[in-house]
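Peer 1: Take a look at the letters that make up each chain.
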Amino acid sequence: DAGVIQSPRHEVTEMGQEVTLRCKPISGHNSLFWYRQTMMRGLELLIYFNNNVPIDDSGMPEDRFSAKMPNASFSTLKIQPSEPRDSAVYFCASTRDHYTGELFFGEGSRLTVL
Amino acid sequence: AQSVTQLDSQVPVFEEAPVELRCNYSSSVSVYLFWYVQYPNQGLQLLLKYLSGSTLVKGINGFEAEFNKSQTSFHLRKPSVHISDTAEYFCAVSDITRLTFGEGTQLTVNP
Numbered sequence: 001d002a003g004v005i006q007s008p009r010h011e012v013t014e015m016g017q018e019v020t021l022r023c024k025p026i027s028g029h030n031s032l033f034w035y036r037q038t039m040m041r042g043l044e045l046l047i048y049f050n051n052n053v054p055i056d057d058s059g060m061p062e063d064r065f066s067a068k069m070p071n072a073s074f075s076t077l078k079i080q081p082s083e084p085r086d087s088a089v090y091f092c093a094s095t096r097d098h099y100t101g102e103l104f105f106g107e108g109s110r111l112t113v114l
Numbered sequence: 115a116q117s118v119t120q121l122d123s124q125v126p127v128f129e130e131a132p133v134e135l136r137c138n139y140s141s142s143v144s145v146y147l148f149w150y151v152q153y154p155n156q157g158l159q160l161l162l163k164y165l166s167g168s169t170l171v172k173g174i175n176g177f178e179a180e181f182n183k184s185q186t187s188f189h190l191r192k193p194s195v196h197i198s199d200t201a202e203y204f205c206a207v208s209d210i211t212r213l214t215f216g217e218g219t220q221l222t223v224n225p
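Protein chains in written order, with my numbering: chain A, 1 to 114; chain B, 115 to 225.
Simulated from the structure, these hints should not be mistaken for lab results.
Computed from a predicted model, the values in this text were never measured in an experiment.
A hint or two may mislead.
Here are the simulated distance ranges between beta carbons [what the hints assert, rightly or not]:
#, chain 1, residue 1, chain 2, residue 2, range
1, A, S7, B, S194, 34 to 44 Å
2, A, N52, B, F128, 43 to 53 Å
3, A, G3, B, A131, 11 to 21 Å
4, B, S198, A, N50, 18 to 28 Å
5, B, S184, A, R22, 43 to 53 Å
6, A, P8, B, Q220, 19 to 29 Å
7, B, S142, A, G59, 20 to 30 Å
From the structure, some residues in chain B lie toward chain A, with a derived Cβ separation under 7 Å [to be verified]:
#, residue
8, Y146
9, Y153
10, P154
11, Q156
12, L158
13, L160
14, E217
Even for Gly, the Cβ is constructed at its ideal location relative to N, Cα and C.
Isolated chain B (complex conformation) (with noise of 0.2 Å):
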């Protein structure tokens, strides 16, 4: 079985600040991990996702998380964030057979 653990449900930071969301995972085997961000009344949509190789990953608006093995972790990360940058981010982990949603962690970028 596998697991997700988002460390923080909330976030609030103010504009230009630095950003980090943390994500934890657990597997017996070898997994692919994901983060999505999910904007007020609209679906999830993907902003990167780690397969293989370099493990630091970048994605879209500028923002980029590093694989951590060792540590189990997925951690999101931006140097300077924006008001639009406002949202729910999912961190999400799939062994092949499942795909798996962590509980989110709203961000809030305050001017």
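Just chain A, same shape as in the assembly (with noise of 0.2 Å):
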């Protein structure tokens, strides 16, 4: 079975631009998590959908940073405008059951903002 897909694994962008990261889930799996991780702040949940619709939202930084999933294997993670601080390692991880399970995570994205 195919893990968790993400894309792209390394992004290097300038400060304002639009950048879109993208998540393939594991087939079956009805929860979807994303996670950002830095060494100052370490791992946080920035948000996350059960069975598409976006449950818990509150980690999102601000209205720059919006997330979408459309259908159960596929969902994005857009901010637009980028600004350096947020230059981190970005996660994507699904589940067949959330809090109980185990989570799967992707390989990660590494953002890099000018």
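The two chains are supplied separately, each in an independent frame; assemble them into the complex guided by the hints.
Peer 2: Dropping the structure here:
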């Protein structure tokens, strides 16, 4: 079985540009999570979806960030406009049974905003 | 509200030595507990989890953890580490409504 697939693996962009990160969860998993990891702040939950519906977006930093899950096999995290402080590794994770089950993480998208 | 505290940010050890990575949590309700490992340039993967039953939980790669309700701890142990165990380890707690990760402990195994 393929794991969680994220793209791009690396993205370098300039301040002010739009960034779109993509995630394909494991088939059959009904919960999807977006995390951000930095040295300073550690691992932060940005948003999670259950059955394609956003349940908790309290971790989304500000209006520049938006996430969608149009169907069970695809999600995007968009940053517009991007800023240098958005530089981080963004992880997508999915699970069949959130909170009592195992989260399966993708390999992450490393974003650098110059 | 719940929280997780990993007591050591960095743990250096020599190969074949035993290791313990400490994790304490706080919660007003019953919780589920997890340890995840992150190897360089990879996502996190589950090492082991405690949902109920025996308080001693065995995971992959020879790791085990013990749930201690009275001390609200879930320390991770391995009797003999390998170079390949060098990674960051995250303790996590769930009260059903939310999964919270600790800050992580960098384990470095030296030859």
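Peer 1: Would you mind marking each hint as holding or not holding in the structure?
Peer 2: Hint check:
1. Range check, A/S7 to B/S194: about 39 Å between beta-carbon atoms, so the 34 to 44 Å window is met.
2. Checked against the hint of 43 to 53 Å, the pair A/N52 and B/F128 passes, with Cβ atoms roughly 49 Å apart.
3. Hint check: A/G3 to B/A131, Cβ distance near 32 Å, so the stated range 11 to 21 Å is violated.
4. A hinted range of 18 to 28 Å for the beta carbons of B/S198 and A/N50 is inconsistent with their spacing of about 36 Å.
5. Restraint check, B/S184 to A/R22: a C-beta distance of roughly 46 Å satisfies the suggested window 43 to 53 Å.
6. The given range of 19 to 29 Å is respected by A/P8 and B/Q220, whose C-beta atoms sit roughly 27 Å from each other.
7. In this structure the supplied range 20 to 30 Å holds for B/S142 paired with A/G59, their Cβ-Cβ distance being about 21 Å.
8. Checking B/Y146 against chain A: minimum C-beta separation of about 6 Å stays under 7 Å; hint holds.
9. The beta carbon of B/Y153 comes no nearer than 10 Å to any beta carbon in chain A, farther than 7 Å, and the hint placing it at the interface is violated.
10. Taken as an interface hint, B/P154 does not check out: its beta carbon lies about 11 Å from the nearest beta carbon of chain A, beyond 7 Å.
11. Using the Cβ-Cβ criterion of 7 Å, the hint placing B/Q156 at the interface with chain A is satisfied: the shortest such distance is roughly 6 Å.
12. The interface hint given for B/L158 holds, since its Cβ lies 5 Å from the closest Cβ of chain A, which is under the 7 Å cut-off.
13. With its C-beta approaching chain A no nearer than about 5 Å, B/L160 sits inside the 7 Å limit, and its interface hint holds.
14. Because the closest C-beta pair between B/E217 and chain A is about 5 Å apart, less than 7 Å, the hint holds.
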